[in-house]
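Start from the sequences, fold in the hints, and give me the full structure.
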Amino acid sequence: MTMTGSPGGLPVSAHRAQDFDREAGVSIETEPRRRKPGELLFAYLMLALAMWLFWLAWGIPGARRPSAPGTLPMAVCAIMVLSALVFVVRTHLTAAPHRSDSVLQRVAPPGLVPFVGLAALYVLALDHAGFVLSSLVFLTVAISILDRRHPLRALVIAFGAVVLVYLLFRMVFQVLLPEGFVPERQWLAIAEDWLRGRNR
Amino acid sequence: MENISFFFMAWMDPSLMILTALGTFLGIYIGAIPGLSVTMAVSILISFTFRWDVNDALALMVGIFMGGVYGGARTAILLNIPGAPAALATALDGYPLAQKGQAGQAIGLSTVMSGIGGFVGIAVLAVAAPSLSEFALTFQPRDYLLVALLGILLVGSLSGDSLAKGVFAGCLGVVIGMVGLDPLTAQERFTLGYISMWSGISPIVAMIGLFGVAEVLRQLHYMGAARVRQDIGGLIPSLSDIRRHLSLSLQSAGIGSVIGALPGTGGDVAALMAYDHARRVTRNPEVPFGQGAKEGLIAPEAANNAAVGGAFVPMLTLGIPGDAVTAIIIGALFIHGLNPGPMLMVETPYIFWFIVGNLVLANIFLVIFGLTGIRLFVRIVQIPKGVLLPLILLLSVVGAYALSNSLADVWWVLAFGLFGYLLKLYGFQVGPIVLGIILSRLIDDNWRRMVISERDDLAAVLRGILSSPLSTTLALVVILLVLGQTPIWSRLRGALAARLRRS
Chain C
1 MTMTGSPGGL PVSAHRAQDF DREAGVSIET EPRRRKPGEL LFAYLMLALA
51 MWLFWLAWGI PGARRPSAPG TLPMAVCAIM VLSALVFVVR THLTAAPHRS
101 DSVLQRVAPP GLVPFVGLAA LYVLALDHAG FVLSSLVFLT VAISILDRRH
151 PLRALVIAFG AVVLVYLLFR MVFQVLLPEG FVPERQWLAI AEDWLRGRNR
Chain L
1 MENISFFFMA WMDPSLMILT ALGTFLGIYI GAIPGLSVTM AVSILISFTF
51 RWDVNDALAL MVGIFMGGVY GGARTAILLN IPGAPAALAT ALDGYPLAQK
101 GQAGQAIGLS TVMSGIGGFV GIAVLAVAAP SLSEFALTFQ PRDYLLVALL
151 GILLVGSLSG DSLAKGVFAG CLGVVIGMVG LDPLTAQERF TLGYISMWSG
201 ISPIVAMIGL FGVAEVLRQL HYMGAARVRQ DIGGLIPSLS DIRRHLSLSL
251 QSAGIGSVIG ALPGTGGDVA ALMAYDHARR VTRNPEVPFG QGAKEGLIAP
301 EAANNAAVGG AFVPMLTLGI PGDAVTAIII GALFIHGLNP GPMLMVETPY
351 IFWFIVGNLV LANIFLVIFG LTGIRLFVRI VQIPKGVLLP LILLLSVVGA
401 YALSNSLADV WWVLAFGLFG YLLKLYGFQV GPIVLGIILS RLIDDNWRRM
451 VISERDDLAA VLRGILSSPL STTLALVVIL LVLGQTPIWS RLRGALAARL
501 RRS
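Chains as they are written, first to last, in the working numbering: chain C, 1 to 200; chain L, 1 to 503.
Quick caveat, the hints were computed from the structure, so don't treat them as lab data. Remember, predicted model here, so these are calculated numbers, not experimental data. Incorrect hints may have been included.
Across the chosen pairs, the derived CB separations fall in these ranges [what the hints assert, rightly or not]:
(1) C:V88 with L:T372: 51 to 57 angstroms
(2) L:L137 with C:A96: 52 to 58 angstroms
(3) C:W55 with L:T372: 34 to 40 angstroms
(4) L:D445 with C:P110: 25 to 31 angstroms
Think of the CB as a built atom: it goes at the ideal place given N, C-alpha and C, for glycine as much as any other residue.
The structure is reproduced here in structure tokens:
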């Protein structure tokens with residue numbers, strides 16, 4: 001998505017804001033808002049979540065006094081349910097999405113599903129293959145998918161990044177990183193001993 | 001006065017000074033690069049720095065905060081992409097200025113004005129906080145409860161689509177914060193029977209997921225890179241320019257400090273309100289607003305940096321965050337064993353003066369770094385998203401793991417990330433969730449205290465509220481916020497948008 005100034009002089013970023021974000025958006029809407037695909041479903045899911053949490057809060061044992069451990073949770077969940085009802089109704093009142101907008105397209109732009117899948121695999125691998133190896137693989141694959149240039153470039157960047165992060169985190173932040181079947185610490189220790197041995 | 005010595009702590013100690021400088025420098029880039037955010041960075045940093053001394057950690061975070069709020073302006077001006085929500089209003093007049101070839105001037109002016117705004121905010125902090133903290137000692141539990149409620153409502157009313165979604169998010173945060181054993185009765189709450197849930201869900205994990213991973217996923221929608229097309233000239237603004245706009249920038253800084261001091265609201269709201277104020281107050285701008293009016297550039301920039309100092313006021317006096325970043329910093333203080341709240345100023349006053357001194361130092365560095373190094377900046381800011389996003393995910397994973405060396409935390413972060421992404425997609429805000437989590441304990445404690453002291457008699461609680469002018473005022477404000485058909489801020493933003501449409 002390239003950013004060029006629109007002919008009228010109004011910054012285009014304001015238009016961008018309306019598409020995905022309504023966070024702090026000064027959104028400029030030219031037609032009545034339509035629901036995003038999946039928005040109604042999500043609203044109902046949130047209502048269900050609120051009701052489930054309320055049920056959990058209801059189940060907290062203890063007298064029904066204001067100072068009981070379950071009272072505040074129940075009150076908060078009740079407010080959640082009420083507000084969920086409000087936005088479910090509001091979402092119903094909003095126009096249905098364009099026929100052409102598919103849930104999949106809007107919710108998952110190209111790259112999202114592979115990226116999430118890759119991230120999950122990465123975390124799974126962390127325990128078994130250790131930080132260095134898993135990160136190297138993850139970064140290389142992710143960067144080559146997203147950046148779409150030569151995978152070798154991705155590998156080089158990944159390598160540099162992992163080295164930098166590793167040094168930074170071991171030295172500066174003193175953070176322990178998951179070790180897998182690549183016994184980095186043993187290798188480092190062996191390397192240190194060998195260096196010391198050479199100097200004898 | 002020994003307080004002065006604490007003020008200068010960051011100035012005398014070379015490592016602290018370096019950390020502040022580093023933080024400010026990094027903050028400028030983090031604030032500028034779309035895809036990175038200050039909330040994301042500070043969340044991840046809390047976990048990394050938890051073995052550090054608290055002063056070192058604070059110096060770094062304060063620097064990033066100051067730099068980040070300003071940094072968003074640069075990409076707003078150069079690329080029309082605000083790097084941070086606080087810079088949204090800056091793009092409106094900053095980008096047209098850049099298109100006219102005045103990018104350098106725009107950046108220089110916004111830097112100086114940010115610096116001025118920052119100083120005003122810090123001055124407000126230094127003056128208001130000590131007096132407010134004395135006043136805060138008279139706060140009853142009900143007052144804390146009401147202020148916390150106010151904060152969540154304010155943030156909620158600025159949210160995505162509606163107050164309902166904002167309240168929902170805030171309540172969700174409070175519930176998440178209540179997961180675990182009840183501190184008073186050791187009763188299991190929301191633990192689903194799992195012992196591993198007894199200690200609750202770490203707020204840091206939630207923050208890294210909601211602010212870090214969710215943002216990465218959201219950025220996948222905006223993969224196209226923008227190129228800086230302009231020729232950037234000299235950055236140092238002329239003295240006459242500064243003098244001409246000084247009054248407006250001071251007014252904007254005032255607005256910014258006050259809004260920053262309101263619990264929950266921060267730089268982004270401050271910037272919008274200051275922009276609106278500038279429009280109303282400037283009679284004959286040499287260039288119309290929206291086409292490169294300098295007034296439209298300096299007002300939001302002065303305001304959003306002033307909001308930084310302002311945000312620390314409630315945070316250090318009441319333990320209630322003035323905005324999202326101070327909410328995260330409260331988390332950091334907890335981790336380092338400090339107790340944000342009115343007792344903070346009493347038990348550990350050095351923290352207050354240290355932060356003030358640090359903020360001033362960071363502000364100075366901001367002006368220095370802001371007026372230099374533009375070429376390096378342009379290079380780095382154009383880093384392809386395809387490289388940036390996986391890196392951020394890596395850092396988030398490491399940040400999650402570093403907390404307690406457990407992969408379970410990493411899975412939680414991913415889960416929060418996915419959930420946060422869906423929330424953002426469908427018009428919810430994640431800010432209220434984090435605020436809710438941070439305030440959850442405070443709300444629970446004060447509710448219990450309030451109710452137990454009246455022996456479970458709710459009518460007596462109500463009488464108590466009405467008997468205190470402070471409590472009554474707070475309660476009225478809360479009720480007004482809820483009853484207002486359209487929440488104040490979104491109406492204001494709607495009006496602002498309408499005016500922009502007409503221009």
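Review point. Is it true that L:L137 and C:A96 lie within 52 to 58 angstroms of each other by Cβ?
Key: 55 angstroms, holds
Point to revise | 25 to 31 angstroms as the expected CB spacing between C:P110 and L:D445, which holds or is violated | key: 47 angstroms, violated
Check your understanding: Are C:W55 and L:T372 spaced within 34 to 40 angstroms by their CB atoms?
Key -> 59 angstroms Cβ-Cβ, so the 34 to 40 angstroms window is violated.
**Study point:** Verdict for C:V88, L:T372 (Cβ pair) under range 51 to 57 angstroms
**Key:** 53 angstroms Cβ-Cβ, so the 51 to 57 angstroms window holds.
Of the hints listed earlier, those the structure fails to meet are numbers 3, 4, in rising order.
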